[in-house]
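Below, each chain spelled out in residue letters.
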Amino acid sequence: MSRSAMLHKIRQACAGSDPVELPSEMPDFPHYSDPVEKFRQELERVGGVFLDGRRSEELAGALVLVLKESDSTEIYWEGEELFQRHGISFTLRDPEAFAAGSLLYSFHFRHQVRFPIILNSKPAERSNLARISLSASGARFGIAETGTVVHEVKAGRGRLLSLLPPAHLVFLSERDLLMNQAMLFLSTPPGRGSALTLVTGPSRTSDIERTLVVGVHGPGKLFVILTS
Amino acid sequence: MIKISSNIQSALADETLQGNLRRAFVETLHSRNQAVSEVPNWEELRHYAREVKAHTLSRLPDYLQSLEEKVLEQGGKVIWAETGQEAVQFIVDLSHRREIREVVKGKSMLSEEIHLNESLERAQIKPVETDLGEYVIQLAGEKPSHLVAPALHKSKKEIADLFVQELGMAPTEDVLEITATARKLLRHHFLTARMGITGVNFAVAETGTIVIVENEGNVGLSVSVPEIHIALMGIEKVIPRSRDLAVFLKLLIRSATGQKMTSYVNCLNGPRRSDELDGPQEFYLILIDNGRSKILADDFMRQSLACIRCGACLNVCPVYQTIGGHAYGSTYQGPLGAMLTPLLTSVGEAPEHAFASSLCGACHEVCPVGIPIPQILLKLRERFQSERNQKAASFSLEKLVIQVWARVMCSPILYARLGRWARMLDKVFGKSGMGRLPIPLFSRWRKHRDLPALPPQSFRELYSSITCTKEAP
Chain A
3 MSRSAMLHKI RQACAGSDPV ELPSEMPDFP HYSDPVEKFR QELERVGGVF
53 LDGRRSEELA GALVLVLKES DSTEIYWEGE ELFQRHGISF TLRDPEAFAA
103 GSLLYSFHFR HQVRFPIILN SKPAERSNLA RISLSASGAR FGIAETGTVV
153 HEVKAGRGRL LSLLPPAHLV FLSERDLLMN QAMLFLSTPP GRGSALTLVT
203 GPSRTSDIER TLVVGVHGPG KLFVILTS
Chain H
419 MIKISSNIQS ALADETLQGN LRRAFVETLH SRNQAVSEVP NWEELRHYAR
469 EVKAHTLSRL PDYLQSLEEK VLEQGGKVIW AETGQEAVQF IVDLSHRREI
519 REVVKGKSML SEEIHLNESL ERAQIKPVET DLGEYVIQLA GEKPSHLVAP
569 ALHKSKKEIA DLFVQELGMA PTEDVLEITA TARKLLRHHF LTARMGITGV
619 NFAVAETGTI VIVENEGNVG LSVSVPEIHI ALMGIEKVIP RSRDLAVFLK
669 LLIRSATGQK MTSYVNCLNG PRRSDELDGP QEFYLILIDN GRSKILADDF
719 MRQSLACIRC GACLNVCPVY QTIGGHAYGS TYQGPLGAML TPLLTSVGEA
769 PEHAFASSLC GACHEVCPVG IPIPQILLKL RERFQSERNQ KAASFSLEKL
819 VIQVWARVMC SPILYARLGR WARMLDKVFG KSGMGRLPIP LFSRWRKHRD
869 LPALPPQSFR ELYSSITCTK EAP
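If you read the protein sequences in the order shown, they are chains A and H. Offset between the first sequence (1-based) and my numbering: plus 2. Offset between the second sequence (1-based) and my numbering: plus 418.
In silico EDC-like cross-links for lysine to aspartate or glutamate, where the CA-CA straight-line distance does not exceed 20 Å: (1) H:495 <-> H:645; (2) A:11 <-> H:504; (3) A:156 <-> H:693; (4) H:544 <-> H:520.
Since the hints were made in silico from the structure, they are not lab data. Remember, it's a predicted structure, so these values are computed and weren't measured experimentally.
Could you build all of it, start to finish, from the sequences and the hints given here?
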């Protein structure tokens, strides 16, 4: 079927229709006096775990809790940028072996966390990705209204690290916390990378007798650490 | 031709189905009402969405072209399919060219509408549904009975039995275990599939963004792991601007599941960029007409194309609640199916759909984009009737009865006279005696209804016998 024939048909169907203007004013979206508190409430309501890491001495404790809760001794990190953006000190175990796009992970024997975090690397093969028990990434934005974190796929990042593991940790900077979705879509037209994903709580289903089950295909545990 | 009447009796007699249906709606309706009541400007949002839809539909070709342009800019490809068959053929050909034998699928009503799975199977390509509800339905060899919760007509026990029989699961009725079984099996399909096929909730013309809303993460995986992503989209799904998404997402999600937000909203802009770590190398957007431009050409019926497939009208519909989805015999069910099925095909093809409604108006009230479904159904009934009248011989009993009725109703003298006769008959035959008259058609009508006894005096007689003591203000 040719494109032009189909377009012609649609054009004819629209011909002579009364012009309707696009509304110019957006309806109001809510604002909050304490967006952090609203974000925490909404995230917890959908089964996510909120951790306040705004004071640097709280960060280690938060990470220990995440490791314990997800029953994991390793964290797979999205990239070095994550550490810089959220002020977490790190060091590469073997800088020479490090290749762009490889998986970065830290090992936490008995759920211990020490700074700087020592990073190892392994090839980003699918079989390696599929075995990860806990991954960590940085959110581009948070949305207070719904307790949502926004992932942006861009250079050096992928879609799977936050989706395949059973537990996922998100770092959100307080200055990236937006009030509502309207602010997100007005300020960030999607389109720089190939995907922008709004994540609200763990993966869930109610397909069987409306019984809620978390962790169907995506992570069953979602942690958000707020940094300043 | 799709008939509903023949399915109704069996749906009503199916006790398991009736039990499953009874359970399904109370909670869904409650959470939807709760989620909506939390939004003080809900009506304003509805109005905004309605205006955006009306505007977009009036300039659909422009928006489709701008969407196409943006998708191409991002490295995606756009396929125009006038019929479902053309869309299916494209997918089959592409799979054959790439030697693809299995595809993972996100939930898509449009793929049901164009019978994609059947065609893929005929072409030796295995479609794997990955939404849990759809997976259950596929295993059972059935069709979805609800747009949002496709396995709503099935009980936990029925699903557990199915998993034991088809997948060798150890017997259990624990929903957690049933879900874990599906997760494990589907994970394998995700990691090996080379093509993912999904539907589209919204497509933003100004940015070329495809938006897919979901809770399970199966869509996220379907559009991230395989090397090819194909998105199926009805031409009416385009919206002009990115900002409109904020409104439509709020309306859709709260109406569909009563959540404030689903676990995932995927906003996709073509294939992976060369510097990204994963994602599909090829992205195809298939724009499907399949009867929509015919609806678009009809100024009144065009409103039905504003539908965002939230399923709220199904949940509130007394007819749907009683007979379930399968009785409709069509892809789209409930009020929106009653409206869309005859519109997408023809009233001759689906003659009973517009009549499967009590016109109570609950669907219109709950619709997040304010589609006047009852009015559309009435119009469809009118069209069906006028088509039938044209076909029928010049004499019809119904016509005669209506003509006589019209004559009587137009004449006060005739009306009064007939009323007197009827009261006389009542006296002769005793209380409610008229109903016992052995008129064949009449006694059939009487089987399920009572004809109340007529009062001894008509209103006019009563009125003229009263002396008015009070003066009118």
